[in-house]
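Novice: What follows is each chain in one-letter form.
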Amino acid sequence: MLLHAETKEIQETLASYCRNGRVPSINISRPDALKHYRRLIRNVITNTMEAAFPITYQWLDLNEWDQLIDEFMDEHDSQTPSVWKLPKEFAQYVISRNYQQLFDKPALNDLIRFEWCEVEIHTLEDVAEPDVVSLEFTADKKLQLNPYHQTLELQFPIHRLVANEAQLQKGNYFVFVYRELDTGKVRFLDISPLHVFLLKKINQHNISLADVLPDLCNVFKLRDVDVVNKHLSVFCRDMVDKKILIIT
Amino acid sequence: MKAQVGIGFRRDFADEFIDNPEFNPDFIELAPENWIGMGGYWKKKLDTVAEKYPITCHGLSLSIGSPDDLDMNFLKDVKDFLNRYDVKIYSEHLSFSKAANAHLYDLLPIPFRQDAVDHIAARISIVHDYLKRPLVIENVSYYTSVEAQMSELEFIQKVVAKSGCQLLLDVNNVYVNAFNHQYDAKAFISQLPLDNVAYIHMAGHEKVAPDLIIDTHGEAIIDPVYDLFDFTVQLLHPVPVLLERDFNIPETSELILEMERLKSIVKNRWEAGYAVTR
Ligand SMILES: [Fe+2]
Numbered sequence: 001m002l003l004h005a006e007t008k009e010i011q012e013t014l015a016s017y018c019r020n021g022r023v024p025s026i027n028i029s030r031p032d033a034l035k036h037y038r039r040l041i042r043n044v045i046t047n048t049m050e051a052a053f054p055i056t057y058q059w060l061d062l063n064e065w066d067q068l069i070d071e072f073m074d075e076h077d078s079q080t081p082s083v084w085k086l087p088k089e090f091a092q093y094v095i096s097r098n099y100q101q102l103f104d105k106p107a108l109n110d111l112i113r114f115e116w117c118e119v120e121i122h123t124l125e126d127v128a129e130p131d132v133v134s135l136e137f138t139a140d141k142k143l144q145l146n147p148y149h150q151t152l153e154l155q156f157p158i159h160r161l162v163a164n165e166a167q168l169q170k171g172n173y174f175v176f177v178y179r180e181l182d183t184g185k186v187r188f189l190d191i192s193p194l195h196v197f198l199l200k201k202i203n204q205h206n207i208s209l210a211d212v213l214p215d216l217c218n219v220f221k222l223r224d225v226d227v228v229n230k231h232l233s234v235f236c237r238d239m240v241d242k243k244i245l246i247i248t
Numbered sequence: 249m250k251a252q253v254g255i256g257f258r259r260d261f262a263d264e265f266i267d268n269p270e271f272n273p274d275f276i277e278l279a280p281e282n283w284i285g286m287g288g289y290w291k292k293k294l295d296t297v298a299e300k301y302p303i304t305c306h307g308l309s310l311s312i313g314s315p316d317d318l319d320m321n322f323l324k325d326v327k328d329f330l331n332r333y334d335v336k337i338y339s340e341h342l343s344f345s346k347a348a349n350a351h352l353y354d355l356l357p358i359p360f361r362q363d364a365v366d367h368i369a370a371r372i373s374i375v376h377d378y379l380k381r382p383l384v385i386e387n388v389s390y391y392t393s394v395e396a397q398m399s400e401l402e403f404i405q406k407v408v409a410k411s412g413c414q415l416l417l418d419v420n421n422v423y424v425n426a427f428n429h430q431y432d433a434k435a436f437i438s439q440l441p442l443d444n445v446a447y448i449h450m451a452g453h454e455k456v457a458p459d460l461i462i463d464t465h466g467e468a469i470i471d472p473v474y475d476l477f478d479f480t481v482q483l484l485h486p487v488p489v490l491l492e493r494d495f496n497i498p499e500t501s502e503l504i505l506e507m508e509r510l511k512s513i514v515k516n517r518w519e520a521g522y523a524v525t526r
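Protein sequence lines correspond, in order, to chains A and B.
Each residue of the first sequence is one higher than the one before, counting from 1 in the working numbering.
Each residue of the second sequence is one higher than the one before, counting from 249 in the working numbering.
Treat the hints loosely; a few may be bogus.
Distance windows between CB atoms, simulated [to be verified]:
#1 A/Glu165 <-> B/Asp334: 48 to 58 Å
#2 A/Asp104 <-> B/Asp432: 55 to 65 Å
#3 B/Ala435 <-> A/Arg187: 55 to 65 Å
#4 B/Pro486 <-> A/Arg160: 58 to 68 Å
#5 A/Arg187 <-> B/Asp328: 23 to 33 Å
#6 A/Gln67 <-> B/Glu454: 23 to 33 Å
#7 B/Gln397 <-> A/Gln67: 33 to 43 Å
#8 A/Val133 <-> B/Lys250: 48 to 58 Å
#9 B/Asp478 <-> A/Gln58: 44 to 54 Å
#10 B/Gln397 <-> A/Arg187: 57 to 67 Å
#11 A/Ala139 <-> B/Tyr378: 47 to 57 Å
#12 A/Glu9 <-> B/His485: 40 to 50 Å
#13 A/Asn20 <-> B/Glu454: 17 to 27 Å
#14 B/Lys250 <-> A/Gln58: 44 to 54 Å
The hints are simulated quantities; they were obtained by calculation from the structure and are not laboratory data.
Positions of the beta carbon are idealized from the N, C-alpha and C atoms, including for glycine.
Same shape as in the complex, but just chain A (with noise of 0.2 Å):
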């Protein structure tokens, strides 16, 4: 390497005093100058995280969230170039440092899926869509589902309450994250087990609901297939309208 290892050294001293605010002994010119960087850097990292997790950064208290981000800043090493992707790498690690438990707040881990979800759902890299042929929806026709979505399975509901309040009501919910194919605007649902069963049967295989209701009342124990098949014709004629199912 052409680099010598102190030089490399030098610079790899400059950029830990960024992540960490520990005053490197390195000869500069202006010390004085130096905090700017530091700041410049938690202003774009503090920035983009405030962006993405609006609902976040609101209910934590100004010092946790400040911890947050201190401590991602010199625990975490930034991995992507596109800093607009970072709030990934900032939600896999505010997951995986148990930060909810640290704070107390026990809806954390699904607040900020949530609020990361949106973001990723919504900047989804665009794929060939399929061609909507039809909006009468029969249970017969082959169903392809929108391909810009995202089943969360979360503890607490704060896609409907306030993160303090959904936090009193622990249980299964399961929220359907799209993308409307026209607007690009990120919509939610809340959806069942039976609803999540479909929608990932026909997302695997592009099949009718017909098809899959023999396999979804055996494993859901459903006996009257009649009162299933009206129940879901409901649901999936809402999707089709909603070009969240497209029969193709």
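Dock chain B with the ligand against the given chain A, drawing on the hints supplied.
Specialist: This is chain B with the ligand only, laid out in the frame that chain A set:
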């Protein structure tokens, strides 16, 4: 050559580029990092403006001065992006923004040393060969030098001489550095390898202390920087000029006035039959 004045394309005022008939930059500049891998709503906006304006790219994360290895996966994405949008000018900063396997998302000053010159020159040629287009290198603002063994001017001269790269001359950065480190901005510019200048940046800045300016791109260009620009363009052959405005975005009418002022300066110097006086 007709004087070209462009402006940075940002999400904050993306619709102005599409809908405002008064707003007609000759080209737009954007950071590929802000758009690579982006789909949906913003990708549509990008494609719409790309139909309307030529695009130049000004990167943020290549980190040409980094002690870490070049990220060839990232470079592949950049190359695909430059090809997709038919980008002729791709520039990057003479700084580093990654070290010890971590991105920092800001431009840190490289130690002005010979081994750094050699390291950077070798990397410029790798990038150049890989992208099959020149990598234009920008002089950056720096707030302190770090274990320097030569001056900033020498450092830039050596990098350009050794790599043969083109230079993005950021006039505001020269002004900021001259102020912060107390040198003569005009003398500095006069001694740059001006034949290699392929592109110019102009921007505003913020004075955070009586003796310290930070290059924020968040204010209007101040008169002394316009004066320095006027001085500079007299030494140059015509090249595209870009107005950088990243924060604190004003009314579009103000940006239009700034672009018009830049344009009138370059028209006066480059289109009125003036010879290069160098
Ligand atoms: Fe610049």
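Novice: Now look at each hint and say whether the structure bears it out.
Specialist: Now for the hints, and whether the structure bears them out:
At roughly 52 Å, the beta-carbon separation of A/Glu165 and B/Asp334 lies within the given 48 to 58 Å, and the hint holds. Roughly 59 Å separates the CB atoms of A/Asp104 and B/Asp432, a value that falls within the hinted 55 to 65 Å. Between B/Ala435 and A/Arg187 the CB atoms are about 60 Å apart, so this pair conforms to the stated range of 55 to 65 Å. At about 60 Å, the beta-carbon gap between B/Pro486 and A/Arg160 stays in the expected band of 58 to 68 Å.
At about 31 Å, the beta-carbon gap between A/Arg187 and B/Asp328 stays in the expected band of 23 to 33 Å. Between A/Gln67 and B/Glu454 the C-beta distance comes to about 28 Å, which sits within the given range of 23 to 33 Å. The supplied range of 33 to 43 Å is met by B/Gln397 and A/Gln67, whose beta-carbon atoms lie about 39 Å from each other. A hinted range of 48 to 58 Å holds for the C-beta pair A/Val133 and B/Lys250, which are about 50 Å apart.
Distance hint for B/Asp478 and A/Gln58: a CB-CB separation of about 48 Å, consistent with the stated range 44 to 54 Å. For B/Gln397 and A/Arg187, the Cβ-Cβ distance of about 58 Å falls inside the hinted range of 57 to 67 Å, so the restraint holds. About 54 Å separates the C-beta atoms of A/Ala139 and B/Tyr378, a value consistent with the hinted range of 47 to 57 Å. For the pair A/Glu9 and B/His485, the beta carbons lie near 41 Å from each other, so the given range of 40 to 50 Å is met.
Between A/Asn20 and B/Glu454 the beta carbons are some 26 Å apart, a value that agrees with the proposed interval 17 to 27 Å. Between B/Lys250 and A/Gln58 the beta carbon distance is about 50 Å. The supplied range of 44 to 54 Å therefore holds.
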